[in-house]
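Peer 1: Sequence:
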Amino acid sequence: MKHKVTVVGLGPGSEDGLTLGALKALRQAPNVVLRTEMHGIVPFLKAQGIEYTSMDDIYQDGEDFDHVYEAMVKRVMDMAQSGQVVVGVPGHPLIGERLTFELLRRLDREMYDIDIIPGVSSADALLALVQKAGIEGLKILSAPEMTEDLINVRLATVVINMYDALIASDVKLLLLRFYPHDLEVFVSWQTQDNRLEYKAVPLYQLDRQRRYDHTTCMYLPPVKFERLESFDMNHLKQIMEILRSPQGCPWDKEQTHETLKRYLIEEAYEVIESIDKQDEDKLLEELGDVLLQVVFHSQIARERGAFDIFDVITRICQKMIHRHTHIFGDIVAENAQQVVANWEDMKRHEKGFATHTQVLRDIPSILPALIRSYKVQEKAALVGFDWESVEGAMQKLEEELAELKEVCSGSDQQKIREEIGDLLFAAVNVARFLKVDPELALKDTIEKFIARFEYIEKNANRPLHEMTLEEMDELWNQAKKLFLTKKHV
1 MKHKVTVVGL
11 GPGSEDGLTL
21 GALKALRQAP
31 NVVLRTEMHG
41 IVPFLKAQGI
51 EYTSMDDIYQ
61 DGEDFDHVYE
71 AMVKRVMDMA
81 QSGQVVVGVP
91 GHPLIGERLT
101 FELLRRLDRE
111 MYDIDIIPGV
121 SSADALLALV
131 QKAGIEGLKI
141 LSAPEMTEDL
151 INVRLATVVI
161 NMYDALIASD
171 VKLLLLRFYP
181 HDLEVFVSWQ
191 TQDNRLEYKA
201 VPLYQLDRQR
211 RYDHTTCMYL
221 PPVKFERLES
231 FDMNHLKQIM
241 EILRSPQGCP
251 WDKEQTHETL
261 KRYLIEEAYE
271 VIESIDKQDE
281 DKLLEELGDV
291 LLQVVFHSQI
301 ARERGAFDIF
311 DVITRICQKM
321 IHRHTHIFGD
331 IVAENAQQVV
341 ANWEDMKRHE
351 KGFATHTQVL
361 RDIPSILPAL
371 IRSYKVQEKA
381 ALVGFDWESV
391 EGAMQKLEEE
401 LAELKEVCSG
411 SDQQKIREEI
421 GDLLFAAVNV
431 ARFLKVDPEL
441 ALKDTIEKFI
451 ARFEYIEKNA
461 NRPLHEMTLE
471 EMDELWNQAK
481 KLFLTKKHV
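Residues in the sequence shown are numbered from 1 upward in steps of one, following full-length UniProt numbering.
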């Protein structure tokens with residue numbers, strides 16, 4: 001025979017907020033236990049002759065909330081051994097009530113029957129008090145568990161369990177990330193005679209109120225688009241939809257995947273430049289520009305019925321989870337090399353490649369040649385087609401240089417081009433062995449060349465075209481020594 005546990009919502013605190021179903025269950029139960037006696041309904045229960053025990057002593061002995069609720073669940077289980085037990089919890093059992101969650105999670109359904117009798121939540125009472133209706137939707141959040149990803153400024157929100165000024169301060173700081181600082185919010189609490197009172201305050205004063213306790217709640221209104229100071233992906237999507245609408249921007253409406261290609265490339269390079277310059281404010285801006293391109297292309301695809309931004313997000317999330325089975329699955333990867341090997345193996349299976357040549361051909365031909373050659377060599381090395389050490393790659397580089405010297409005396413431009421390509425490919429292989437990105441290395445050299453050339457021009461006593469190569473070379477060497485000295489200072 002199964003043991004019976006009934007969780008009853010005691011309402012917000014007044015006897016008017018206690019449902020008939022809850023009162024009936026409390027009267028008929030052989031064993032009643034309250035999570036806490038710190039609740040306005042307790043005097044009424046005593047007046048009704050309802051006997052109970054409470055679990056307030058567990059709060060005194062528990063090391064932390066995890067231990068507290070573990071002990072509460074154990075007590076309920078022990079009480080249920082001797083007959084049906086009714087567990088009274090504040091408000092609604094399923095709204096911000098961790099004990100209910102723990103009971104549902106921990107009690108074996110083969111051994112226990114669990115009933116839930118709903119009650120009037122503190123959120124219900126607050127909405128009635130301030131006379132607000134969440135027509136578009138309503139979100140209820142528990143203050144101690146609030147995180148950024150739970151916040152939605154489009155919906156009316158009730159925050160419960162704001163039981164002290166410290167919690168209120170944490171909530172305020174979190175909300176100011178998304179809401180206007182002077183947004184009018186409603187804070188409510190229960191008086192000693194079990195009446196609910198509330199006060200309208202600007203958000204920035206949320207943690208400066210006189211009273212906080214287990215009954216303190218807050219109502220946050222939805223925020224209109226025009227008042228927002230912080231935005232999320234949905235807002236960016238909405239802006240792009242407006243710009244592409246019939247009443248939108250003429251330029252944005254004309255764009256296609258093809259016309260936008262150059263902008264995506266430009267924005268990506270600007271991100272790289274901001275990283276190189278260690279300019280975080282610029283990086284912030286440029287990453288936004290790249291994100292805009294992603295949303296732009298997604299909106300164009302959505303208009304054709306192909307996919308939308310949420311499909312894009314879903315696909316990359318699925319890919320990241322699938323390719324990180326050492327995190328989200330049971331495959332073991334003890335180091336970065338094993339991670340890469342697992343990743344490559346999964347990519348081959350996903351794309352249905354039967355040969356390794358298909359893997360090489362899958363590397364986009366539109367990539368800059370230095371990057372593509374690095375990737376091709378990297379993929380080939382995965383099946384053992386590689387030198388044992390950098391010495392072998394260096395020897396190959398010397399061979400290619402010698403072959404280039406041989407053809408330079410002739411007039412066969414195709415052959416010269418071929419040998420230069422071989423030389424560059426071999427140089428990239430040396431860079432790969434030395435774990436140097438050839439694209440970035442060449443970029444650095446270009447910047448170094450320009451800086452040294454600038455030194456020559458600034459320190460020349462006449463126009464450059466009037467100088468001999470020897471004179472310019474002397475200044476070049478001066479610049480070389482100067483920049484070398486600065487590098488080591």
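Think of the hints as simulated: they come from the structure by calculation, not from any bench. Being a predicted model, the structure only gives us computed values, none of them experimental. By construction, the Cβ of each residue, glycine as well, lies at the ideal position given by its N, Cα and C atoms. Please note that a few of the clues may not be correct.
To be verified - Calculated pairs, SDA-like style, for lysine to any residue (alpha carbon to alpha carbon, straight line, at most 20 angstroms):
#1 K481 / E457
#2 K379 / L434
#3 K481 / V430
#4 K480 / L434
#5 K415 / A369
#6 K443 / V294
#7 K24 / A128
#8 K379 / P368
#9 K282 / L292
#10 K443 / L370
#11 K237 / S298
#12 K435 / L370
#13 K351 / M320
#14 K375 / V436
#15 K237 / I116
#16 K253 / V271
#17 K224 / D213
#18 K74 / V42
#19 K319 / K282
#20 K277 / F483
#21 K74 / F44
Stated by the list, open to error - Label-pair distances were calculated between CB atoms; the ranges are:
#22 P364 / R177: 53 to 63 angstroms
#23 D473 / D362: 42 to 52 angstroms
#24 Y163 / V436: 16 to 26 angstroms
Peer 1: It remains to establish, for every hint, whether it holds in the given structure.
Peer 2: Each hint, compared with the structure:
1. Between the alpha carbons of K481 and E457 the distance comes to roughly 16 angstroms, so the proposed pair stays at or under 20 angstroms and holds.
2. About 16 angstroms separates the Cα atoms of K379 and L434, which keeps this hinted pair within 20 angstroms; it holds.
3. Our distance criterion of 20 angstroms between C-alpha atoms is broken by K481 and V430, whose separation comes to about 26 angstroms.
4. As the CA atoms of K480 and L434 are separated by approximately 24 angstroms, the hinted pair breaks the 20 angstroms bound.
5. A threshold of 20 angstroms between alpha carbons decides the hint, and for K415 with A369 the separation of about 19 angstroms falls inside it, so the pair holds.
6. Proximity of K443 to V294 is assessed by CA-CA distance (about 27 angstroms); at most 20 angstroms being required, the pair is judged violated.
7. Annotation: proposed proximity of K24 to A128 is violated, straight-line Cα distance about 25 angstroms (limit 20 angstroms).
8. Taking the CA atoms of K379 and P368, the gap is near 17 angstroms; set against the 20 angstroms cutoff, the hint holds.
9. The straight-line distance between the Cα atoms of K282 and L292 is roughly 15 angstroms, inside the 20 angstroms bound, and the hint therefore holds.
10. Straight-line distance between C-alpha atoms of K443 and L370 comes to about 11 angstroms, which keeps the hinted pair within the 20 angstroms bound.
11. Proposed proximity of K237 and S298 is supported: the alpha carbons are some 9 angstroms apart, at most 20 angstroms.
12. Restraint check for K435 and L370: the C-alpha separation of about 14 angstroms stays at or below 20 angstroms, so the hint holds.
13. The hinted pair formed by K351 and M320 meets the criterion: a straight-line CA distance of about 15 angstroms does not exceed 20 angstroms.
14. Annotation: proposed proximity of K375 to V436 holds, straight-line Cα distance about 13 angstroms (limit 20 angstroms).
15. Distance restraint check for K237 and I116: the Cα-Cα separation of roughly 40 angstroms exceeds the 20 angstroms cut-off, and the hinted pair is therefore not satisfied.
16. Note on K253 and V271: the hinted pairing is violated, with a Cα-Cα distance of about 26 angstroms set against a maximum of 20 angstroms.
17. A hinted pair counts as satisfied when its Cα atoms are at most 20 angstroms apart, and K224 with D213 does not qualify at roughly 31 angstroms.
18. A hinted pair counts as satisfied when its Cα atoms are at most 20 angstroms apart, and K74 with V42 does not qualify at roughly 23 angstroms.
19. Proximity of K319 to K282 is assessed by CA-CA distance (about 29 angstroms); at most 20 angstroms being required, the pair is judged violated.
20. Of the supplied pair hints, the one linking K277 and F483 holds, its CA atoms being roughly 18 angstroms apart against a limit of 20 angstroms.
21. A hinted pair counts as satisfied when its Cα atoms are at most 20 angstroms apart, and K74 with F44 does not qualify at roughly 28 angstroms.
22. At about 38 angstroms, the CB distance of P364 to R177 disagrees with the hint of 53 to 63 angstroms.
23. In this structure, D473 and D362 meet the distance hint of 42 to 52 angstroms, their C-beta atoms being roughly 46 angstroms apart.
24. Distance hint check: the CB atoms of Y163 and V436 are about 57 angstroms apart, inconsistent with the given range 16 to 26 angstroms.
The structure shown violates the earlier hints numbered 3, 4, 6, 7, 15, 16, 17, 18, 19, 21, 22 and 24.
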